[in-house]
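Following the hints, complete the assembly by docking chain F onto the known chain R.
2 protein chains.
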Amino acid sequence: MKKENNDPAKQENAALKAEIKELRGRLMAQQQEVRAKGLPIIVLVEGWSAAGKGSLINELISEIDPRNYNVVSPVITPENEARYPFLYPYAKAIPENGKIMFYDSGWMEDCVRKYLRREITRDEYKKRVRAVCEFERQLRDGGYILLKFFLDISQGEQRKRMSALRENYETEWRVTDEDLWQQHEYKLFKEGYEAFMEKTGKIIPWHILDGSKKSLAARDALKLLVGMIDKALEQGRYVGKPFKENFPLIKMPKLAEVDLSPALTDEEYKKELKKLQKRLGELHNVVYRKKIPVILCYEGWDAAGKGGNIRRIARPLDPRGFDVMPIASPEPHELARQYLWRFWTRLPRSGHFCIFDRTWYGRVMVERLEGFCSEDDWKRAYNEINEFERQLTDWGAVVLKFWIHIDQDTQLQRFNDRQNTPEKAWKLTDEDWRNREKWPQYEEAIDEMLQKTSTKNAPWFIIESNDKKYARIKALKIVIDALEKACADRMS
Amino acid sequence: MKKENNDPAKQENAALKAEIKELRGRLMAQQQEVRAKGLPIIVLVEGWSAAGKGSLINELISEIDPRNYNVVSPVITPENEARYPFLYPYAKAIPENGKIMFYDSGWMEDCVRKYLRREITRDEYKKRVRAVCEFERQLRDGGYILLKFFLDISQGEQRKRMSALRENYETEWRVTDEDLWQQHEYKLFKEGYEAFMEKTGKIIPWHILDGSKKSLAARDALKLLVGMIDKALEQGRYVGKPFKENFPLIKMPKLAEVDLSPALTDEEYKKELKKLQKRLGELHNVVYRKKIPVILCYEGWDAAGKGGNIRRIARPLDPRGFDVMPIASPEPHELARQYLWRFWTRLPRSGHFCIFDRTWYGRVMVERLEGFCSEDDWKRAYNEINEFERQLTDWGAVVLKFWIHIDQDTQLQRFNDRQNTPEKAWKLTDEDWRNREKWPQYEEAIDEMLQKTSTKNAPWFIIESNDKKYARIKALKIVIDALEKACADRMS
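Heads up: the sequence lines are chains R and F, in that order. Per my numbering, residue 13 is the first one in the first sequence, and the count goes up by one each step. Per my numbering, residue 13 is the first one in the second sequence, and the count goes up by one each step.
One chain only, chain R, in its complex shape (with noise of 0.2 Å):
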């Protein structure tokens, strides 16, 4: 008989070794299942420094194709810091249906190091960890698997394993200044790590896994990780419910309501355009240097003359400081991730004016009524379209939303009209006829949208556009005005 095998602490050991094997094994066994079923994952990995997010991440991955995987570090570029959202390389990164997604630390470390380091404000702070609750709720009710790791190791073993690494030449490089601060405010750390665990742990909870044995935390995420997954194939992809959050909305009339008289002369409007588009162009210079970003959005009717009022902002600006984003049906590789993902990848930098012509507000029109996303889905958009937008504009974005609107027989008009002039025939699709016949609907649904998502910091604008030359000048007179205001509240 062998005297190891009565050594309690080796037995452990080997039993430690069997159960990884065993759910490592597992994982592999879900990995054909996951692609089939289009379930995507996340698996966030946060922790002190030198506590070894990179190994978990290592053992967690062992048995899984490489193709099924990604692994990123967020690497904070100073483009990406100063001119998008904080939000804006992990929204970037998230993975399509059937894939995994580690993050080798995330918006947790991005939240909290900067908060310490006095790099952003309390009030900053906290319109973050707002965020983050938000984005990692629409996740996961856009049936997305979320798992939040912490890598918890005390004082003394940080100090161990940093010397550790800094008393060998191959490994110095790995302990950065950065680190050595955050080990010298460990205590500091501890409070802003935990804060921050309270706030955004409830929905997402977080996991503490104990990095002071790398096995013991391996085992421990492992087994979080196979179940989760084994619940979700168990259970189907989950779709989140609809519910409301208070946001300050302004009225708006229902589309019925609206005078759509409004006119101006040729004259009228040949000098107002002019006025205004001159002031445009100053203004686009002073959002370009205080780096504010603009987000046009523009919604409307078929034939309202949407592409001419973009047409009219767009002339006075200085072509290097706009795109112009036509959205059309989403492409697969959009389809295989949160709608909203494909708004996110667009973004403009500060600075930059961004006309989206169609939005992410297909979802509770289009999507709604042919049926392209379940009930709980175009009825939670509201909530997470307004949640998006104030993202944007804690971000220092002015957000503007117009409705370009017309009656059915001034459409009728332009549809016949088109049909009838051969430069003109190619606007016209079998489509819009279709998208016709269900005015009514589409009524409702636009009502209800402009309703729900009038929110006090990106609000809607129904523009009158029987008259196109009012419509462009009204559309055009609004985002002055925002600029100006923007302008004037913001500091070089």
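It is possible that some hints are incorrect.
It does not matter which identical chain is meant; a pair holds if it fits inside one copy or across any two.
Said to hold, decoys possible - For lysine-lysine, the following DSS-like pairs were computed, each having C-alpha atoms within a straight-line distance of at most 25 Å:
#1 Lys126 to Lys139
#2 Lys436 to Lys49
#3 Lys290 to Lys29
#4 Lys436 to Lys33
Bear in mind the hints are in silico, worked out from the structure with no lab data behind them. Values in this document were obtained by computation on a predicted structure and should not be read as measured data.
Quick look at chain F alone, frame taken from chain R:
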């Protein structure tokens, strides 16, 4: 009779204005056809600081629907500069079919200014010039309309304009230190620009515009643009003819000559695998620190064992430092651009590994055999791909290409095995069987590909995979050899 009508200068001015108006009208009219025919257009506007590049672009776009064009002002971020090939931001920005992209200064400025500032060596400069010529020709041959302008002003004129800008608080910031340095070193820059234009004007000519008179420059630019579009609309989308450049090639055997018998025992395999993976893990650290980009290309017969081979390579790598890119059929937005675009956009950051599971070689295999591109297209591709890969290795990348090879009998065995094993059945599709029937045609295409694209800088390796264990060990050894060499060659 009014006096001014006799003033020849004023008459000329009025004529010029009328001409510009007429040209703009034609450009506006061309738009719809450009869109319908899916013509992609690139307008590169280079020139002196303060020559009026932005204004010129403004003149060109004033009648174009903003949904049809974009302007990029390539912000050379430190991230792009340090971590990607220099053409990367330009290649990423190419327009999709039917759209116009204006580059407000681009690859010319990027080459010339850096060379004059001695930020790049003469050798690096020469490589960039060559890459530019290749990039432009490939775009043209892929059906892009490419128009290159250089906006010229004299030293005196530049001095005058800069002074005017600097005198005004509102515009002062527009003149950077770099601009002042250019003004001071006007002669040096003149020589630099001229030399660059001479070298890069042979395939796609440069058009020098007189920047001293804004409307003259606008007229000339519009005339050229409208003329090129007219020609393209009349003659149809251009398809470049294949041609051969002399790349130093490595002689490859025909597939039929390859001896597929090599095999390893389980024991040999396990021993070697452990040793080699350990070594690869160590090397990844060095590669990461030396910022060497590593690109591994996997091609091979269906069921040859690509996936398993990739897993053995990926296993020891730091998951933060590699990506596996499975390449499926192109999506619509990818089909709407030059075929290499979807690979440009997937390049790894320097110091990272990218493992392509299928690659750009689809062009000369499946696209050739299924008729997804024209004969000229795939015949041209050998050369284009060699150029692309040389651009990658010039950037510093290690590029290795594996043909995972089996014989027909082995494939049949594996297909049958998959069919009869429930857990594996998903791996086998009808397409696999269809491809199998075309084995002889594929073999011919692959032989041609191996002969024509195994360059010294980016060689092919045939990996005998009848025995998967042997194949994995062979691939690992090749990667390790190449990395050891690359790491030894390069200073930290």
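- Query: Which hint numbers does the structure go against, in order from smallest to largest?
  - Reply: Structure breaks no hint.
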